[in-house]
Amino acid sequence: MKKTLFVGFLLASLYFGCDKNSQPDIEIKEEALTQIVFADQTTGQSDITFVTSGAWTSKITNENQTAGTINWMRITPESGDKSGTHVISLNFDLNLTGQDRIAKIFIMCKGSEIMITVTQKSEKTVEDDIIGVDEKSLVQTVYADQTTGEREIIFTAKGTWTSNITSENSASQSVDWLNISPQSGDNAGSYAVTISLTENLTGSDRSAKIFIIGQNNEISASITQKAKKYSDEFFAITVEVENGNSYNSIIDEVRGKIYSETIAKGEYKNGGFKIGLPVDVNSMHLWRWFDEDDDEEDIPDWVTVSDYDVMVTDVWFEGYKSGRYVGDFYYYKDIYEGNNEVYAEADYLYVDRDVTIEGSYYGTLTETEEDDIFEFEVTALYHLPLTKGWNLVFFMEEYSITKTDNVTSIKINISITNINPGGLKWYFYEDYYDWKSPQKSSSKILSQKIFKEKINASKSKQTTNLHY
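In the working numbering, the protein residues as written are 40 to 507.
These are calculated hints, taken from the structure and not from any lab test. Please note: incorrect hints may appear among the correct ones.
Simulated crosslink set (DSS-like; lysine-lysine; CA at most 30 angstroms straight-line) [stated by the list, open to error]:
{"no.": "1", "residue 1": "K160", "residue 2": "K143"}
{"no.": "2", "residue 1": "K450", "residue 2": "K464"}
{"no.": "3", "residue 1": "K163", "residue 2": "K98"}
{"no.": "4", "residue 1": "K308", "residue 2": "K248"}
{"no.": "5", "residue 1": "K267", "residue 2": "K427"}
{"no.": "6", "residue 1": "K304", "residue 2": "K464"}
{"no.": "7", "residue 1": "K313", "residue 2": "K372"}
{"no.": "8", "residue 1": "K313", "residue 2": "K268"}
{"no.": "9", "residue 1": "K267", "residue 2": "K248"}
{"no.": "10", "residue 1": "K372", "residue 2": "K308"}
{"no.": "11", "residue 1": "K296", "residue 2": "K360"}
{"no.": "12", "residue 1": "K304", "residue 2": "K175"}
{"no.": "13", "residue 1": "K268", "residue 2": "K427"}
{"no.": "14", "residue 1": "K268", "residue 2": "K296"}
{"no.": "15", "residue 1": "K304", "residue 2": "K372"}
{"no.": "16", "residue 1": "K68", "residue 2": "K163"}
{"no.": "17", "residue 1": "K427", "residue 2": "K464"}
{"no.": "18", "residue 1": "K197", "residue 2": "K163"}
{"no.": "19", "residue 1": "K265", "residue 2": "K296"}
{"no.": "20", "residue 1": "K98", "residue 2": "K68"}
{"no.": "21", "residue 1": "K160", "residue 2": "K68"}
{"no.": "22", "residue 1": "K313", "residue 2": "K296"}
{"no.": "23", "residue 1": "K248", "residue 2": "K304"}
{"no.": "24", "residue 1": "K372", "residue 2": "K427"}
{"no.": "25", "residue 1": "K160", "residue 2": "K197"}
{"no.": "26", "residue 1": "K143", "residue 2": "K68"}
{"no.": "27", "residue 1": "K464", "residue 2": "K372"}
{"no.": "28", "residue 1": "K175", "residue 2": "K265"}
{"no.": "29", "residue 1": "K121", "residue 2": "K68"}
{"no.": "30", "residue 1": "K450", "residue 2": "K372"}
These numbers were taken from a predicted model, which means no experiment stands behind them.
Generate coordinates for the entire structure from the input sequences, incorporating the hints supplied.
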């Protein structure tokens, strides 16, 4: 009876004396238990981190766990006299044996141990020989009527390379609508591979993969050619900026804006940009061009409009660098020759329907100040047959001043047409439009006020002679 009670008491003491929540004496992440390095590597792929509850020691054995036979690998440190987090590093001799070799590292603490398996392979490190790839070029989408890729595939080869083109859906399916140049390279160096395509007349989207194949690695680019034409979705604008290459380092993106809303984006490179405006503009961005209730923007009585309900907007283009606004682009010319000036600017206008705006005006005005006589001659012209969508429209002012004795003759010609007068260039100005209200376009083309300033003043004079 006493023996039974004693055994029961002993078992109970062992049970209740055990701490069920005690931590293990050694903790290490599972991924650290295996290390693989190559023949020409002399350090581990990473340091080994572990936690112990007290002092620890180590030993290194061969693959069969026989100690004292490993001289090609070392660990630092080999032991520690405190608990806590520890980091050991691995160092190797070059593997010149021609065979893989394996070692075991044991970490011991308070009777517990962990084992780390290290393999040094017989092969040297395999380094990628197709490098420096432009990641933006690896996924491209073009339209049915586009016959070149969005961009070149740019990379650096450390040696010879070849290529292969397959269908996106089947590696064995040939592709006859896409080609690249060059298709291979015999020497190390930098390469820019151009992509050419035939027009997509299939009525369906189609995709291909381009493989650039080196000795040790390969890269692939996915190219999708849509069934839709570019013009089905976008109105394309290609711009070459005056002295544009000087801005390559300060502009990387161009945005087309209506008010504060971005409707289009394009990359700025090589001194210019290409951008696509959407062929359909949300009605929230449109307003009535000719508002008979607005005294500031009323219609000159010499102008006729085929549809007074036409809705309109315009777009301006801003430059950005890493997402930060840096300035604006402006399409104009301003020429001074003696007493003559010719100024013209252009604007991209969107109208929600076909509309024709026509009108011409001619007026003269004579004013006398003491002994000086000023003769004004004003000519104005509206000639705008516009089609639904985006239209490039030109505003032009011409001034000519001549003086004979005490008579100064001033001729002013104003026109708004869709006929390019020639000589306009694109310019970039840092913060050029800082004064522009984000709530309303500043375009002279969309404003009738210019005619009131130049013409209506003369209409109130009794000396005005009007000819229609």
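Going down the list of hints, with the structure as the test:
1. K160 to K143: holds (15 angstroms)
2. K450 to K464: Status holds; Cα separation ~25 angstroms.
3. K163 to K98: Roughly 27 angstroms separates the two Cα atoms, so the pair holds.
4. K308 to K248: holds (26 angstroms)
5. K267 to K427: holds (20 angstroms)
6. K304 to K464: Holds: K304 and K464 sit about 21 angstroms apart, inside 30 angstroms.
7. K313 to K372: Cα-Cα ~21 angstroms, so holds.
8. K313 to K268: Holds, at about 16 angstroms.
9. K267 to K248: At roughly 20 angstroms apart (the allowed maximum being 30 angstroms), K248 and K267 satisfy the hint.
10. K372 to K308: holds (23 angstroms)
11. K296 to K360: Status holds; Cα separation ~16 angstroms.
12. K304 to K175: holds (15 angstroms)
13. K268 to K427: Holds, at about 18 angstroms.
14. K268 to K296: holds (24 angstroms)
15. K304 to K372: At roughly 25 angstroms apart (the allowed maximum being 30 angstroms), K372 and K304 satisfy the hint.
16. K68 to K163: Roughly 27 angstroms separates the two Cα atoms, so the pair holds.
17. K427 to K464: Holds, at about 26 angstroms.
18. K197 to K163: Answer holds: K197 to K163 is near 17 angstroms, not above 30 angstroms.
19. K265 to K296: holds (26 angstroms)
20. K98 to K68: holds (19 angstroms)
21. K160 to K68: Distance ~23 angstroms between K160 and K68 Cα, so the pair holds.
22. K313 to K296: OK: K313 and K296 at ~15 angstroms, within 30 angstroms.
23. K248 to K304: holds (26 angstroms)
24. K372 to K427: Since the Cα atoms of K372 and K427 sit roughly 27 angstroms apart, the hinted pair holds (cutoff 30 angstroms).
25. K160 to K197: Given that 30 angstroms is the threshold and the Cα spacing comes to 24 angstroms, the pair holds.
26. K143 to K68: It holds: about 17 angstroms lies between the C-alpha atoms, which stays within 30 angstroms.
27. K464 to K372: holds (6 angstroms)
28. K175 to K265: holds (18 angstroms)
29. K121 to K68: OK: K121 and K68 at ~20 angstroms, within 30 angstroms.
30. K450 to K372: Satisfied, since the Cα-Cα distance of roughly 19 angstroms is no more than 30 angstroms.
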